[in-house]
Amino acid sequence: MTELSLKAPAVTKDQDAETTGTREREVFLPRDARRRTPLSTLRERLRWPLGIYTTPVAILIAWEILARAGAVSKTYAPAPTSIVKSAANLWQQGVLGPDLAISLQRAGIGLAIGLTVGIVSGVLGGLLRSGEYLFNGLVQVLNTIPLLAVLPLMIVWFGIDELTKVLLISFGAGVPMYLNLFAAIRGVDQRLIEMARTTGAGTWRLVTRVLVPGALPGFLVGLRFSLAYSVLGLVAAETVNADKGLGFLITQGQTYLQTNQVFVGLVIYSLLGLLADQFVRALERVLLRWRPSYEAS
Amino acid sequence: MSSTIATEPRRQTGVVVEQVVRRFGDRVVLDHLDLTIADEELVILLGPSGCGKSTLLRLLAGLDRPDGGRVEVPARRAIVFQADRLLPWQRVLRNVTLGLHGSDAEQRARDVLAEVGLAGREKAWPKELSGGEAQRVSLARALVSEPELVLLDEPFAALDAITRLRMHDLVRALRTKHQAAMLLVTHDVDEAIALADRIVVMSNGGIGTSHDVHLTAVDREASVAREELRARLLEDLGLAGQH
Chain A
0 MTELSLKAPA
10 VTKDQDAETT
20 GTREREVFLP
30 RDARRRTPLS
40 TLRERLRWPL
50 GIYTTPVAIL
60 IAWEILARAG
70 AVSKTYAPAP
80 TSIVKSAANL
90 WQQGVLGPDL
100 AISLQRAGIG
110 LAIGLTVGIV
120 SGVLGGLLRS
130 GEYLFNGLVQ
140 VLNTIPLLAV
150 LPLMIVWFGI
160 DELTKVLLIS
170 FGAGVPMYLN
180 LFAAIRGVDQ
190 RLIEMARTTG
200 AGTWRLVTRV
210 LVPGALPGFL
220 VGLRFSLAYS
230 VLGLVAAETV
240 NADKGLGFLI
250 TQGQTYLQTN
260 QVFVGLVIYS
270 LLGLLADQFV
280 RALERVLLRW
290 RPSYEAS
Chain B
0 MSSTIATEPR
10 RQTGVVVEQV
20 VRRFGDRVVL
30 DHLDLTIADE
40 ELVILLGPSG
50 CGKSTLLRLL
60 AGLDRPDGGR
70 VEVPARRAIV
80 FQADRLLPWQ
90 RVLRNVTLGL
100 HGSDAEQRAR
110 DVLAEVGLAG
120 REKAWPKELS
130 GGEAQRVSLA
140 RALVSEPELV
150 LLDEPFAALD
160 AITRLRMHDL
170 VRALRTKHQA
180 AMLLVTHDVD
190 EAIALADRIV
200 VMSNGGIGTS
210 HDVHLTAVDR
220 EASVAREELR
230 ARLLEDLGLA
240 GQH
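In order, the protein sequence lines correspond to chains A and B.
Heads up: the first sequence is residues 0 to 296, going by numbering that gives the first Met the number 0.
Heads up: the second sequence is residues 0 to 242, going by numbering that gives the first Met the number 0.
If we strip away everything but chain B, and leave its shape as in the complex, we get (with noise of 0.2 angstroms):
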């Protein structure tokens, strides 16, 4: 049992995933998949439904074991769901301090809070908050620990339209503050763009093809490059020549 979950050195990376295989009964979900994230490094992992994203974002969370193959992560992690999962029997405030120890941990939370745009709101009962409002204290939750890779799965898919288009913006002011690999899982390609250094397309239980993202935030918006790299995607999606 020591064996796998010893904590090593660390490589110079954040994240190392080397021909980890995963099954449930006879289903090979995860197939000799290797993936690397550097640190600082935010990878976009795209792909259909039930193509094993989740089952990779669970391995890499400590959540589940992989039935062969190393993985190999940092200690210090948080997740990000895609349900808020805020306890709500606790004020805002006590959710984000959850996992927090020391005496500075009440302001340490403040401070979060107010980063992702809730200052003021520490009292309110979860169930008092929108849905964006609640999905941003699970963000606060992550990131007041100072984690080294934050894991996001799937977290704006129960989001509106506008609330997602403004949580993006709340993730790339939160990366300039927080120097943390993130991997975020999703199945929405202009996401996907919108945030990524590089995407990462799974099929067939493993990493499909790769794609560095070097575009500045306009050209993210609207561009040439833009409309070539979606295409691209929804190529590697199987998609292509439906749009």
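In isolation and in its complexed conformation, chain A is listed as follows (with noise of 0.2 angstroms):
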């Protein structure tokens, strides 16, 4: 049956073949065998001139054109040039620095705190069964709870001072590390673990060679995360009874009509973000070279 029903197409293509008289046939050649010429080679490099970067680029220039050509009022949306004349003016008279190195202290001690206990928790849940109990319930119902709507309590317990603020920063960033970590930690392949358990290594071997690099994409994952959620904090936390900090700026750019301030603000912070981003893409190239993804380099 099976044989007969086999043949049958072959031979009708072979008929289809010998009547039309072309057979269509592909050919693969090294890419280098094509002919490039100057004027294609142009052509690509016009097409995505600056990679990734090309819309934003792209969208910039638009903005002030439009802005220079008054299409767009100024106090909506001020010309990019202008932000960055304001940012200038901002950092000559002293604001910008002092408001800026206040923000990343905020940061940096809510993040600290944040990961620390993440880190801790989430290691001693992933290893042992008694952390398990002790923490998931609890982290599993923090993680219900917005960000946001912690910060009148947060206010109530701890008042308007910088310790509101770290908090709310440590928990943004604390719950995501905690939950991603220790689901990294129990999705270790268990028949690595087993077959460790089999070549005689001790305990300290299996955390050390097994588990800890087998969580660390995981690990990675939560570190995005937990960066993400504590700058979302630090927005938070400083729009609320701020004096000082980048949050205090944007307040009160809102609060004077200065839109420049606002943008400068808002620029800042994207680039807070960005260089989490890189930070943790580097980290990525240097930890996880085992993966194949990262070996084309």
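The set of hints was computed from the structure by calculation and includes no laboratory data.
Don't take each hint at face value.
[Unchecked claim] With the C-beta cut set under 8 angstroms, the calculated list includes, among others, these residues of chain B facing chain A:
| id | residue |
| --- | --- |
| 1 | 60 |
| 2 | 62 |
| 3 | 88 |
| 4 | 124 |
| 5 | 140 |
[Unchecked claim] So the derived list for chain B, only partly shown, Cβ under 7 angstroms to chain A, looks like this:
| id | residue |
| --- | --- |
| 6 | 78 |
| 7 | 84 |
| 8 | 87 |
| 9 | 97 |
| 10 | 98 |
[As the list claims (entries may be wrong)] Computed list of chain B residues with no C-beta within reach of chain A, every gap over 12 angstroms:
| id | residue |
| --- | --- |
| 11 | 20 |
| 12 | 186 |
| 13 | 231 |
We put the CB at the ideal spot given by N, CA and C, even for glycine.
From the two separate chains plus the hints, produce the assembled complex.
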């Protein structure tokens, strides 16, 4: 049966080919073999001249032109160059520098506390059954509470000073770190753990050579979330009763309709986010060399 | 608990399994099974899939406990699994030294890697190895601890035919250097004939038949005795008349 049905189309195809006389064929050659004229190189360059930054830069240029032409009001969206100018002005007035410093300090302390608590509890929860029972339920509950909804409670408990701001940031950073680290440690391939035990490797070897490296990809995902949420916490904390910091800069700009100043704050926040992302990417390149996707370089 | 994992003074043989029972729910997988393996003997455990071969091997490895009976194995034992189970985040050398301690650990690992034909590949990542190379690393990882018993759970089942034949040669060569009892689980009759000192066929949760193999390397390739043995094994497996 099968042989017959297999043969039949092969025969008809041959007849087809004979009648039409053209059998389509494909030829694969090395890429260098294709002639590269100066024109085609130029065209390729022009299509995406700045890589992934082409679109943002194009938007910035269009924005600048529209602002200069008076198409968008200065109060709504001041030209990018004027935002840069106000940033320079603010820096020279000695406002931006200290504000940035105090914000970075808050973020740094909050992150340090949040990551420490998140990593310690995540490791204990991931490695030990009792650790899981101790932390897991609590963090699952905390995870369902939106970060911004905790703010009023924190103000009642800890006042409107630095403590509330730092704790909000560490809350934002700690919870995702715990959840991702716990899942990463528990997700390490059970067969590898079994294998390690049979080689006679002790608990220390098992942890350092199997569980920790196996959990690293999940840890880095957690770190990325932690950094993002800590910036979110920073924004939320600083817009409430601050007299220093980036959030204060933005609120002040809003109050006096200084849109320039609001944009300066936003740009700095986005730069902080980009920096955090690049930091985690660099970590991934170093720590996850063994992954095939990172071997290409 | 101490009674189940006690280390006792050795008897004369490598492995002693007495009246072992293992159940999974209502299903009795091992039913009062007896098996002994002498020092330096290579026993092949043959049987259709699902007959309890791997269950027995896991009991011998200490990865599982029997529901009844007694299992006695050397404390120094190693396992080669069907998949290579290499740590992808460690280079080849560190994969081999995983269970080793002492200052000579790296040198011993290099020596064993050279024995399995992988000298110079110590710095490779497991992802860069072919299937046969990866399985040779896991063989090296098992042998580096100088075990008295090596358990191999269908170690070459995932390899292509040519690589598998090379691995058979390698196992024979390694046996002359490493004095260890070996138990190799397989469902490949030809693999069993190529390697075994003794072939044990499992059936109904116990050891069905046992065949001592006294053939020269040449006779194992092709001979009347080989074909007779093959026919008897197929009969034991309930496949007689189909070939």
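Hint by hint, here is what the structure shows:
{"no.": "1", "hint": "60", "verdict": "holds (6 angstroms)"}
{"no.": "2", "hint": "62", "verdict": "holds (6 angstroms)"}
{"no.": "3", "hint": "88", "verdict": "holds (4 angstroms)"}
{"no.": "4", "hint": "124", "verdict": "holds (5 angstroms)"}
{"no.": "5", "hint": "140", "verdict": "holds (6 angstroms)"}
{"no.": "6", "hint": "78", "verdict": "holds (5 angstroms)"}
{"no.": "7", "hint": "84", "verdict": "holds (4 angstroms)"}
{"no.": "8", "hint": "87", "verdict": "holds (5 angstroms)"}
{"no.": "9", "hint": "97", "verdict": "holds (5 angstroms)"}
{"no.": "10", "hint": "98", "verdict": "holds (3 angstroms)"}
{"no.": "11", "hint": "20", "verdict": "holds (23 angstroms)"}
{"no.": "12", "hint": "186", "verdict": "holds (20 angstroms)"}
{"no.": "13", "hint": "231", "verdict": "holds (34 angstroms)"}
Checked against the numbered hints above, the structure breaks none of them.
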